[in-house]
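Given these sequences and hints, build the entire structure.
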Amino acid sequence: MIGADASSIAAAVKAGRTTAQAVIRRTLDRIAAADGALNAFTAVFALEALEAASRLDDQISRGEPVGPLAGAPFAVKNLFDVEGVVTLAGSKIRRSAAPAAQDASLVARLRAAGAILVGTLNMDEFAYGFVTENAHYGATRNPHDLGRIAGGSSGGSAAAVAAGLTPLALGSDTNGSVRVPAGLCGVYGLKPTAGRLSLEGVFPFVDSLDHAGVFARTVADLALAYQVLIDPPARTEAEPTLRAAVLQGWFTQGASTEVLAALDAVGAALDADAGLELAGAEAARSAAFCLSAYEGARLHMADIRARPQDFDPAVRDRLLAGALLPDAVAEQARRFQPAFQHEAARLLQRYDILLAPVVPCTAPRIGEASMLIDGQEVSVRKNLGAYTQPLSYIGLPVLAAPVNRPGKLPIGVQIIAAPGREDRLFAAAARLEARGVIAAHAPEDIRHDA
Amino acid sequence: MNLIDASEFVRLEPEALDAYFHEKAAEIGLTVADAYRPAVLETLAALQTHAAILQARLVDVALSPARITPP
Chain A
7 MIGADASSIA AAVKAGRTTA QAVIRRTLDR IAAADGALNA FTAVFALEAL EAASRLDDQI
67 SRGEPVGPLA GAPFAVKNLF DVEGVVTLAG SKIRRSAAPA AQDASLVARL RAAGAILVGT
127 LNMDEFAYGF VTENAHYGAT RNPHDLGRIA GGSSGGSAAA VAAGLTPLAL GSDTNGSVRV
187 PAGLCGVYGL KPTAGRLSLE GVFPFVDSLD HAGVFARTVA DLALAYQVLI DPPARTEAEP
247 TLRAAVLQGW FTQGASTEVL AALDAVGAAL DADAGLELAG AEAARSAAFC LSAYEGARLH
307 MADIRARPQD FDPAVRDRLL AGALLPDAVA EQARRFQPAF QHEAARLLQR YDILLAPVVP
367 CTAPRIGEAS MLIDGQEVSV RKNLGAYTQP LSYIGLPVLA APVNRPGKLP IGVQIIAAPG
427 REDRLFAAAA RLEARGVIAA HAPEDIRHDA
Chain B
25 MNLIDASEFV RLEPEALDAY FHEKAAEIGL TVADAYRPAV LETLAALQTH AAILQARLVD
85 VALSPARITP P
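As they're listed, the protein sequences go chains A and B.
If you count the first sequence from 1, you need to add 6 to reach this note's numbering.
If you count the second sequence from 1, you need to add 24 to reach this note's numbering.
If you're looking for bench data, these hints aren't it; they were derived computationally from the structure.
Beta carbons are placed, not taken as given, at the ideal position from N, Cα and C, and that holds for glycine.
Just so you know, not all the hints are guaranteed correct.
[To be verified] Incomplete in silico selection of chain B near chain A, CB under 8 Å:
1. Ile28
2. Asp29
3. Arg35
4. Leu36
5. Ala49
6. Tyr60
7. Ala63
8. Val64
9. Leu78
10. Val83
[To be verified] Which stretches of chain A does chain B cover? Using the computed rule of at least three CB atoms under 8 Å from a CB of chain B, they are:
11. 321-333
12. 337-343
And the structure:
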């Protein structure tokens, strides 16, 4: 069952074809074998997971009802509170914080549905980054090429799911931190409409832009997890025909030819119109950039005054600069939101689904400051969020889907809908998956000596 | 300096941005070690560029009043 999807695991456990304990033992074995190379996990809760599995097996043997994710292993980005565990948020600074008194709301919901928590996952410090090259906990490696980044900031979450260590993982997305690693690791990542998933017990980054999200290897698992995570239940009846369009302009500027080809393939499969522009996308991205630095700095002001040396240098520099940003710039960044929402709403009245790349390129190499995109040298850290930031800035629901490219480095496409219309995201993704246009592939055997 | 408006900020030339950096850091009680200063200043300059892009768009929006009201 290792590498199996959550739905299949739950069905097998409920039917008595396997036990939750057997699933968890094999999951722990797989993590032990593979995570030395990947560095996706920051903690593994072996004993607790086996105890939870034993309790679930007892429930099943007594004929008691169990949840829709019975026995499915999951892990969480280490900014989600887990009762009794210190929420590190990828930092050294929080090592001395008190352990969480209770689970984050989304962790509790997954556990209540029968899923079993096996560990916490690596991330960029305080979720401020797109690379998961963490100065304190090391880089998380991409399961498809261990010399490359997994993306960030939820890099551990994407890598764990892509490598088949867990079928589900939780992450967070402020500027693209679910979608970027999902795209680079070749898995599905959902960032629902702003406010649809609870942030209770999630360490914040930018209050006005933070979203929770989830990773999976199939559309069905992603939809099942979303139904478990959301309250009240989501609408599930998308229209039989979806009107789709491919975003160009800002959303294809600087993209490599293979990214553009992958986007075209997805657009063609949905009979999408081409050539659509979302006016103001560049300014929206800039607004998100400024807001993140400004709000992030204010959240951490006491520590950047008192102990700047304890931050990851890449994060420290941005927080210090953000602290120096005039209040008036942040006010302008907030003021632009309604105007940009209006632009997006105009397009989403004409189209049910919009499509855009996740990132301009395949996964860059670990440690690389710049990368070549079609012969042009550009900064890695500055460019990975270019296509994701405008969309989270206005809270649109987005599903990052892996384009079907077996044997090649993953490329992801963003499927975008109007606020509250996650049903359209799932409908479009299910159609693309059924036609073989998108698919999450198991990576080649992970080298354990890397 | 805290009340510098966005238009003034985006127009600061490199030397003036450097002066702003020092004054603002002193005003908010932030010590920026010499070792960090070049990277922080570079990041502040990048934020200045983003602020300029945003401000230019806001001017466009202001010239199209119909666009600032959400549907």
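Going through the numbered hints above, which ones does this structure break? Give me the numbers in ascending order. Result: hints 3, 4, 10 break, sorted rising.
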